[in-house]
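S.K.: Using the sequences and the hints given, assemble the complete structure.
Residue numbers (the numbering used here), protein chains in the order written: chain C, 1 to 321; chain W, 1001 to 1321.
Think of the hints as simulated: they come from the structure by calculation, not from any bench. Quantities reported herein were computed from a predicted structural model and do not represent experimental measurements. Don't be surprised by glycine CBs; every beta carbon is placed ideally from N, CA and C. Worth double-checking, as some hints may not be accurate.
Label pairs and their computed distance ranges (CB to CB) [as the list claims (entries may be wrong)]:
| no. | chain 1 | residue 1 | chain 2 | residue 2 | range |
| --- | --- | --- | --- | --- | --- |
| 1 | C | F10 | W | R1195 | 38 to 48 angstroms |
| 2 | C | G276 | W | W1252 | 54 to 64 angstroms |
| 3 | C | R13 | W | E1318 | 28 to 38 angstroms |
| 4 | C | R13 | W | T1268 | 56 to 66 angstroms |
| 5 | C | H244 | W | H1244 | 49 to 59 angstroms |
There are 2 protein chains.
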Amino acid sequence: MVIDGLQCGFFDREVFLDLKEGGFLCVTPTLGFWEGAMESFDSIAQWRELAAECADVMVIARNLADIEKARADGKVAVLLGFQNTNCLDDRIRYVELFADLGVRILQLTYNNQNELGGSCYEEKDSGLARFGKEVVREMNRCGILVDLSHVGPQTTLDTIRHSERPVAVTHANASSLYVHKRNKSDEILKALAERGGIIGCAAYRNIMPKSAAASLRGFCEMVAKTVAIAGIDHVGLGTDQAHHSSRKYLDWMRMGRWSKVVNYGAATAGNSEPAGKLEWLQRPSALGSVAEGLRDVGFNPEEVDKIMFKNWLRVYGEVLH
Amino acid sequence: MVIDGLQCGFFDREVFLDLKEGGFLCVTPTLGFWEGAMESFDSIAQWRELAAECADVMVIARNLADIEKARADGKVAVLLGFQNTNCLDDRIRYVELFADLGVRILQLTYNNQNELGGSCYEEKDSGLARFGKEVVREMNRCGILVDLSHVGPQTTLDTIRHSERPVAVTHANASSLYVHKRNKSDEILKALAERGGIIGCAAYRNIMPKSAAASLRGFCEMVAKTVAIAGIDHVGLGTDQAHHSSRKYLDWMRMGRWSKVVNYGAATAGNSEPAGKLEWLQRPSALGSVAEGLRDVGFNPEEVDKIMFKNWLRVYGEVLH
Chain C
1 MVIDGLQCGF FDREVFLDLK EGGFLCVTPT LGFWEGAMES FDSIAQWREL AAECADVMVI
61 ARNLADIEKA RADGKVAVLL GFQNTNCLDD RIRYVELFAD LGVRILQLTY NNQNELGGSC
121 YEEKDSGLAR FGKEVVREMN RCGILVDLSH VGPQTTLDTI RHSERPVAVT HANASSLYVH
181 KRNKSDEILK ALAERGGIIG CAAYRNIMPK SAAASLRGFC EMVAKTVAIA GIDHVGLGTD
241 QAHHSSRKYL DWMRMGRWSK VVNYGAATAG NSEPAGKLEW LQRPSALGSV AEGLRDVGFN
301 PEEVDKIMFK NWLRVYGEVL H
Chain W
1001 MVIDGLQCGF FDREVFLDLK EGGFLCVTPT LGFWEGAMES FDSIAQWREL AAECADVMVI
1061 ARNLADIEKA RADGKVAVLL GFQNTNCLDD RIRYVELFAD LGVRILQLTY NNQNELGGSC
1121 YEEKDSGLAR FGKEVVREMN RCGILVDLSH VGPQTTLDTI RHSERPVAVT HANASSLYVH
1181 KRNKSDEILK ALAERGGIIG CAAYRNIMPK SAAASLRGFC EMVAKTVAIA GIDHVGLGTD
1241 QAHHSSRKYL DWMRMGRWSK VVNYGAATAG NSEPAGKLEW LQRPSALGSV AEGLRDVGFN
1301 PEEVDKIMFK NWLRVYGEVL H
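M.R.: Dropping the structure here:
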């Protein structure tokens, strides 16, 4: 059984059948990056349509009870999330509206600074700004999990301290294991863990050690080193795998409507093609094989379960309602 | 005890205290006329703010159980409604989103024809159009009451027949008692009643017989004549009273953003000022006195209760969920 804290791309029936086959208990897809409020409401509507079409294999979950029911029914639970807060269109009260419509995870910033705080790609990180503080409190109240992936280091630290509930870095790695703006310092990972949070180890080629990209064993060794930093109760999986990706999809992530030129994010001009699937993770369903890999690098069965799904369930239980 | 099927204007604490004093069990305010989706989401957010501020005297209700609980708690129940479907921005799936956010009444058109059908003020009434048929089915499914006030006569008849659930004319009168485009023919009222619907008798000066505007007894005689047409189970109250109205508010109703000149609706160029409160209804709380007036014109206690609130409760019970 496995929970993936973040995926992106286009989901369809084929994807859910594969996830189900792979023993997925729960997954968080990406409903938007740069989209404003109306487009985000539209995205929720489209996901409801998808859920109706795929009702035999998946269900949109709002809390732990929904996830448990999905497990009992043999369906993949989906937690709706956005990789930005652009969907709020600067309205504090939309946090509650989106929560009522089922949104359970919001990343404070994507690759740009916004009204809430700084991004990992900005030269200077403002820290958690005034609107950011308001939104985090409101997300705490409404039962939405704060995601700090892509968020700047100071804003990440500020938010860990400001939030009354555990927060998540759904898809990143430890920067002490691979230096990258998208990755998180040991200081951040320890602070995150102290407040009950979780990091989902990413399986995205551009932000992981070469050895972790190269083999399942290498990946599991990276997870073990992350556990050594953050603790066994605070590490999970957040692959950042993209389904049915395309050049157009990549361009939208990289440029939105805010730039006339491509901004490569974790890629570079010389390495601009889709990062490509890892050899040991050609299909999302292969993620379940990480359990065996974790045993092979020395984790006991209870520890394996924590990394595979139990740590995510604990955080969901403490935050979502 | 009284239910008012439609009011408009600006609600505040003062209004709710007055309604509570007047024995109001439930009221439907107007959250919008010409507003698009974003402005309508904003309006819901503002109503939630108002509900938080006035939590001791009012509560936003979603169904009959909520209304019964409000009664037990001594609070006024509020059913959120819009006097137009402009809030959908042509999206069928927004019906469900607005329902999830608590909207329980939508009037298909305001004073103009729209994508759904014809208005009472248009020269030609298209009847219920394609999008209108889709929306009515979706409102049936989602538990939103269809309001046919301001809607054109053919579209009104089409909708009564098309809807799988009882529909309402929340605020109008019988045109056989006072000839006006806003009022409804006996044919419509009988068809409405046959399908379990309800008409809320309006206390808006411009669309009622002079005698009904002039005195409580006159109003109750009008109600009695309406009952003679539609039947005792299908008549309630829907005053169309406006709280804290203003020239600016009137201009918005009359012009929206669609016209550069004032369109008077039920008023005229020679009679363009706010219609003015009726002498017997200077404060909303005075609506409770209609019960005594109804007894005076010959209704028995059970009949009085039906007109004052029980008929509305029956329809709410059959439609809202």
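S.K.: The structure should be examined with respect to each hint, and the outcome stated for every one.
M.R.: Status of the hints after comparison with the structure:
1. Against the hinted window of 38 to 48 angstroms, the Cβ-Cβ separation of F10/C and R1195/W comes to about 44 angstroms, which satisfies the hint.
2. Distance hint check for G276/C and W1252/W: the Cβ-Cβ separation is about 56 angstroms, which falls inside the suggested range of 54 to 64 angstroms.
3. The hinted window of 28 to 38 angstroms between R13/C and E1318/W holds, with their beta carbons roughly 37 angstroms apart.
4. Checked against the given bound of 56 to 66 angstroms, the beta carbons of R13/C and T1268/W, roughly 59 angstroms apart, stay inside it.
5. The beta-carbon spacing between H244/C and H1244/W, approximately 53 angstroms, falls within the hinted interval of 49 to 59 angstroms.
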